[in-house]
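Enquirer: Residues per chain, in single letters:
There are 2 protein chains.
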Amino acid sequence: MYRNFRIVPNIIFGRGCFNQLDQILDKRRTSQNDRVMFVLDEVFKGRPLEGRLPVRGRDMILHVNVDDEPKTSYIDELTARIKDASGLPAAVVGIGGGSAMDIAKAVSLMLTNPGSSADYQGWDLIENPAVYHIAVPTLSGTGAEVSRTAILTGPEKKLGINSDYTLYDQMVLDPELVAGAPKEQWFYTGMDCYIHDVESLQGTYINEFSRAFGEKSLELCHQVFLEDHEDHADKLMMASYFGGMSIAYSQVGACHALSYGLSYVLGIHHGIGCCIAFDYLDEIYPEGVETFRKMMDRHQITLPRDLTRGLPEEKMELMVTTALNLVPLWENCLGPDWQNLMTRDRAMDLYKKM
Amino acid sequence: MYRNFRIVPNIIFGRGCFNQLDQILDKRRTSQNDRVMFVLDEVFKGRPLEGRLPVRGRDMILHVNVDDEPKTSYIDELTARIKDASGLPAAVVGIGGGSAMDIAKAVSLMLTNPGSSADYQGWDLIENPAVYHIAVPTLSGTGAEVSRTAILTGPEKKLGINSDYTLYDQMVLDPELVAGAPKEQWFYTGMDCYIHDVESLQGTYINEFSRAFGEKSLELCHQVFLEDHEDHADKLMMASYFGGMSIAYSQVGACHALSYGLSYVLGIHHGIGCCIAFDYLDEIYPEGVETFRKMMDRHQITLPRDLTRGLPEEKMELMVTTALNLVPLWENCLGPDWQNLMTRDRAMDLYKKM
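Quick mapping for you: the protein sequence lines, in order, are chains A and E.
Just add 2 to wherever you are in the first sequence, counting from 1, and you've got the numbering used here.
Just add 2 to wherever you are in the second sequence, counting from 1, and you've got the numbering used here.
Because the hints were derived from the structure by calculation, they are not lab data.
Treat the hints with care, since some could be wrong.
Copies of the same chain look alike in the list, so a pair counts if it works inside one copy or between any two.
As the list claims (entries may be wrong) - Subject to a maximum C-alpha distance of 20 Å in a straight line, what follows is the list of computed EDC-like cross-link-like pairs (lysine to aspartate or glutamate):
1. Lys-159 x Asp-69
2. Lys-159 x Asp-78
3. Lys-29 x Asp-166
4. Lys-73 x Glu-229
5. Lys-73 x Glu-158
6. Lys-185 x Asp-347
7. Lys-317 x Asp-86
8. Lys-296 x Asp-61
9. Lys-73 x Asp-61
10. Lys-47 x Asp-69
11. Lys-29 x Asp-61
12. Lys-185 x Glu-229
13. Lys-317 x Glu-229
14. Lys-29 x Asp-230
15. Lys-29 x Asp-126
16. Lys-85 x Glu-333
Nothing here was measured: the structure is a model prediction, and the numbers come from that model.
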């Protein structure tokens with residue numbers, strides 16, 4: 003049995019294509035009262051990008067804070083605010099990095115599905131189609147713009163809302179929008195893509211579909227992080243798209259699993275968490291880690307160290323449990339015998355080094 | 003202004019995934035009376051593939067002849083036959099190579115749009131959504147499974163029905179289905195993909211989106227036609243998909259334009275027509291043609307020659323006119339000054355060599 007999967011069906015790509023968002027939204031506005039909800043990373047508050055949003059009539063801008071990774075409680079609060087203010091919007095536009103894009107996805111879903119977003123953490127639990135939602139990435143690498151998940155930290159777990167309805171209906175891929183990102187954020191987010199390419203390609207789930215996307219994404223990451231190209235922003239945007247597509251039949255692996263533990267227990271952001279974990283995974287991804295270190299050198303990135311020193315035993319155990327609960331990731335990485343290969347002790351040793 | 007384009011939103015890929023077609027169709031069958039129309043290349047009549055079609059209840063198999071490339075009159079006739087027999091089917095499944103897949107696309111459109119298919123040859127002339135249609139390629143290379151066109155030969159021209167509605171709703175990509183194709187057909191159809199990669203990548207319209215897809219497709223074609231790989235069928239299927247996607251922002255070029263003339267006037271099939279024309283395009287695509295000849299050598303392909311010898315002047319002129327009417331292809335290939343670079347005389351000289 004193969005997965006029959008859905009992908010984002012509408013794409014616009016090009017420098018300056020953000021200017022066409024107004025026109026794209028026009029088709030969603032069927033009456034005077036229709037409103038659009040712009041979910042904007044609050045880092046853009048008062049910045050030129052906010053001024054360029056095609057806000058009309060009763061539209062609303064929702065500034066979202068992504069200091070912490072998105073929590074289910076935050077999604078529920080935002081959803082309630084929108085419902086109180088206006089009822090169902092005609093479209094939701096998510097503008098920002100992975101967190102902002104995931105918030106917009108989750109809100110689009112929760113506007114049409116009852117209960118708390120925590121109820122839907124898992125696979126295919128969503129019952130009703132979401133409000134039409136559009137991705138406008140301002141950082142490249144997470145693949146949030148193409149993935150069928152909105153990753154949330156809930157009261158019990160960090161786990162995505164995975165469903166066909168989670169997928170965006172439209173992507174607006176404008177490489178100009180990623181120009182202003184701080185170097186570290188650009189690097190860590192890009193590495194999210196690089197690492198999931200390595201994990202996808204080296205995984206046991208790989209097939210020719212995922213290999214074609216993953217190999218091209220990896221090649222583009224090499225060009226972006228190890229060479230000089232004027233159009234590196236365009237390349238990284240494509241790498242992110244292809245990296246996300248590579249996961250269709252494959253999966254991420256050890257690094258993403260360990261990074262989830264770091265995020266859940268220590269609140270470390272996903273991109274940097276992946277980098278921290280990857281640096282200790284020579285045994286599993288020898289070539290990938292070697293190249294990753296070259297990329298770090300070239301961009302003078304220094305990773306934080308000793309994050310787990312002095313952490314209480316129960317927190318360490320929770321980290322291990324969080325990571326090892328991600329069964330498909332380990333199975334992809336190490337095969338059906340993974341539990342004998344990645345024991346709790348081995349995972350604990352890895353975390354102790356970080 | 004960038005094109006905001008639609009892509010085939012549902013994909014299943016894998017050896018044997020054809021067996022899941024029944025399950026995919028199940029979701030389209032909402033009542034007992036719903037019927038599915040299988041548009042099957044008649045080469046499969048009585049062959050094992052026909053026996054594997056998930057035919058139920060009032061379903062119909064329509065055997066289509068592709069000795070000639072699809073004509074608008076043939077589409078109109080098939081559409082009338084379906085309407086007489088049953089009214090609107092719940093789904094149309096196109097099984098075969100580029101011609102069969104284009105017939106299924108065109109029929110799906112004409113079941114819901116009035117008049118003759120010839121009325122819709124052009125860009126975005128279709129007004130009503132098509133019947134849900136599913137592509138099952140049994141030959142890889144044309145990109146018909148992903149393209150927004152159904153190429154038809156009408157009373158006045160060879161030109162596609164280009165629209166977002168033309169796109170398939172679902173692709174079933176099963177590399178096992180291409181196993182039985184005759185070598186020449188496999189080669190010529192694969193070269194359609196190889197050539198449109200070269201034309202897309204070398205074109206003036208290229209951007210990073212189309213480059214990423216085109217480069218990977220070209221690399222896969224090299225692997226398939228110049229190396230030995232057990233999974234060459236999987237690779238060529240992905241090459242075809244990526245090649246089709248590469249055209250999103252780019253275009254094909256000189257070779258496809260000249261091949262249209264050969265098809266329109268001499269009835270030469272598209273794949274072999276592309277090969278015939280490409281072999282005389284060293285000046286425009288030097289590297290691409292050199293590699294193409296290596297591929298021909300390796301697979302011991304001998305192209306037909308002297309096809310235009312003795313052809314009446316008016317037919318030669320019609321061929322030139324047909325080719326030069328394809329403005330976007332020439333503009334992509336040679337830039338805005340193309341008319342000075344590809345004069346009628348130069349095109350005529352090329353045709354005279356073929």
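Enquirer: If a hint holds in the structure, say so; if it does not, say that too.
Expert: Comparing the hints with the structure gives:
no.: 1; hint: Lys-159 x Asp-69; in the structure: within (18 Å within a copy, 60 Å between copies)
no.: 2; hint: Lys-159 x Asp-78; in the structure: within (16 Å within a copy, 57 Å between copies)
no.: 3; hint: Lys-29 x Asp-166; in the structure: between (22 Å within a copy, 15 Å between copies)
no.: 4; hint: Lys-73 x Glu-229; in the structure: neither (37 Å within a copy, 50 Å between copies)
no.: 5; hint: Lys-73 x Glu-158; in the structure: within (11 Å within a copy, 61 Å between copies)
no.: 6; hint: Lys-185 x Asp-347; in the structure: neither (36 Å within a copy, 55 Å between copies)
no.: 7; hint: Lys-317 x Asp-86; in the structure: neither (38 Å within a copy, 70 Å between copies)
no.: 8; hint: Lys-296 x Asp-61; in the structure: neither (46 Å within a copy, 59 Å between copies)
no.: 9; hint: Lys-73 x Asp-61; in the structure: neither (25 Å within a copy, 49 Å between copies)
no.: 10; hint: Lys-47 x Asp-69; in the structure: within (14 Å within a copy, 62 Å between copies)
no.: 11; hint: Lys-29 x Asp-61; in the structure: within (15 Å within a copy, 36 Å between copies)
no.: 12; hint: Lys-185 x Glu-229; in the structure: within (16 Å within a copy, 41 Å between copies)
no.: 13; hint: Lys-317 x Glu-229; in the structure: neither (40 Å within a copy, 53 Å between copies)
no.: 14; hint: Lys-29 x Asp-230; in the structure: neither (39 Å within a copy, 49 Å between copies)
no.: 15; hint: Lys-29 x Asp-126; in the structure: between (29 Å within a copy, 16 Å between copies)
no.: 16; hint: Lys-85 x Glu-333; in the structure: neither (41 Å within a copy, 51 Å between copies)
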